[in-house]
Amino acid sequence: MSTQVPDDLKFTETDEWIRVDGEEALIGISDFAQDALSDIVFVELPKVGASFAAGEQFGVVESVKAAADLKMPVGGEVIAVNDVLEASPEKVNSSPYDDGWMIRIKPSDSAEMDKLMDAAAYTTFLKDR
Amino acid sequence: MSELNRTVLYDTHVALGARMVPFAGWEMPVQYESPIEEHKTVREAVGLFDIDHMGQFLVEGPDAMRYLNYMTTNDVSKLEVWDAAYSLMCYADGGTIDDLFLYRLPEAYYVVVNASNRAKNRKWMQAHLTGFDVSITDVSDETYMLALQGPKAQETLQQVVGMDLNELPFHTATRTQVSGVDVILGNTGYTGEYGYELFFPAEQAVQVWTSLTDLGARPIGLAARDSLRFEACLPLYGHELGPDITPLDAGLGFAVKTDKPDFIGRDALLKQRLEKPERRLVCLEMVDKGVPREGYEVQIDGASGFVTTGMYCPTCEIYAAMALVPRSLAKTGHEVDVIIRGSAKKARIVKRPFYTPAYRR
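Going line by line, the protein sequences match chains A and B.
FYI, in the working numbering the residues of the first sequence are 1 to 129.
FYI, in the working numbering the residues of the second sequence are 130 to 490.
One chain only, chain A, in its complex shape (with noise of 0.2 Å):
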């Protein structure tokens, strides 16, 4: 099974994914993340409001083995979270760039977009994991 990287996100060397959207932006986990970590059973969300800088640690993703940090892609204020996921964690598994989206966030810097990798150079760096 091929790993799926859409072409319009950027991605994290931990494997968040970043979506932006006009002055938003959603967060998420890479395909390539939920397959590593296999059955997710729990998603540990910030509230609603929160702001973290980039590489802070936003939440913490559960599977059948492992816990794993979830860390911003860039720095912003939580505006919206994913409350499905509390009930559903295995729509992190089954739809990881759409269903599974974690949180949406206003940027604080726009920037900061520019140093994450683009599709091309994710999946480059996933070829030597």
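Mixed in with the good hints there might be a few duds.
[Stated by the list, open to error] Straight-line Cα separation of at most 25 Å, DSS-like style, residue types lysine-lysine; simulated pairs:
(1) A:K71 / A:K91
(2) B:K386 / B:K400
(3) A:K47 / A:K71
(4) A:K91 / B:K207
(5) B:K400 / B:K475
(6) B:K480 / B:K169
(7) B:K460 / B:K400
(8) A:K91 / B:K169
(9) A:K91 / A:K106
(10) A:K65 / B:K169
(11) A:K65 / B:K474
(12) B:K418 / B:K474
(13) B:K389 / B:K207
(14) B:K249 / A:K47
(15) A:K115 / A:K71
(16) B:K400 / A:K47
(17) B:K386 / B:K249
(18) B:K475 / B:K460
(19) B:K386 / B:K207
(20) B:K386 / A:K71
(21) A:K47 / A:K91
(22) A:K127 / A:K65
(23) B:K386 / B:K405
(24) A:K65 / B:K475
(25) B:K386 / A:K47
(26) A:K65 / B:K418
(27) B:K474 / B:K207
(28) B:K386 / B:K480
(29) A:K71 / B:K460
The hints are simulated quantities; they were obtained by calculation from the structure and are not laboratory data.
Got chain A sorted already, so can you dock chain B onto it with the hints?
This is chain B only, laid out in the frame that chain A set:
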């Protein structure tokens, strides 16, 4: 890291898309697709496990029964030919060396042990032969071991076995044939479901495995094996048992027969039994959301204990843990805190087990 062993079915697992991981010196399938789906398959239908990493010893000789009765905690003298029973080996101080399954064959005893303890057990057993006319043979390499487990295990196996499975009671074994291969077949398992464990020559592994998957038994990895045994509160060495955890700490008193003649660990275990163990293994169900994991601290009224195994239970649909806590506080209904990544999350002590095994209903 030293070289990992591979079972005869290694290529079969890889072809099935299994994720292979190191486990107790072996490269084993941890999952084929989804551990949660595999777990549910065993609860609702039938699953097939490659557990060839487990060790098997043959204990033979005129004193075999007396020897095993001295070496392990359960009463081996009670075993009729073809009975199978759970037992434990302990140090003199009561700490656990390993837990094991004993099968009484017509001519010998078969001892099934954990992969991680195979060499340690062999050494320990061979060091205690003085005064017994017995021989111990490690037959793990030439013996293959599969487990077929689940409510549909019997109807599946019945199609390829040379006997009426209604004539094989729970926790007994026999010699028969499966798909033309000579096997020792035990009505035993480690999932909380009815099922079977098969022992046969290693070179026949692909033939037996394939005949069972062809009948619809789904391959199950070690991740689901762990969640299945956990829900049923079956102990796992290295978690609920170890050199510093006695069988009585772990709530396994049913397999510790302190009223039988001398066995290694008897004095310590009898003393612990009379004085009541200071710790008890309890079942915790999370009240706050969170996943308790091995080693996490448990706090109760200023005292503390620790999680031995914790995870999400796919059948019970709860986050749960087994934990060793001070006995005086181990009361069902008691609220405790589990410290998950620095924050206290509420949990409640509940009755054992989380999932009542099919054979106890």
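- Query: Taking each numbered hint in turn, which are not upheld by the structure, reported in ascending numerical order?
  - Reply: Hints 4, 5, 14, 16, 20, 25, 27, 29 contradicted; others consistent.
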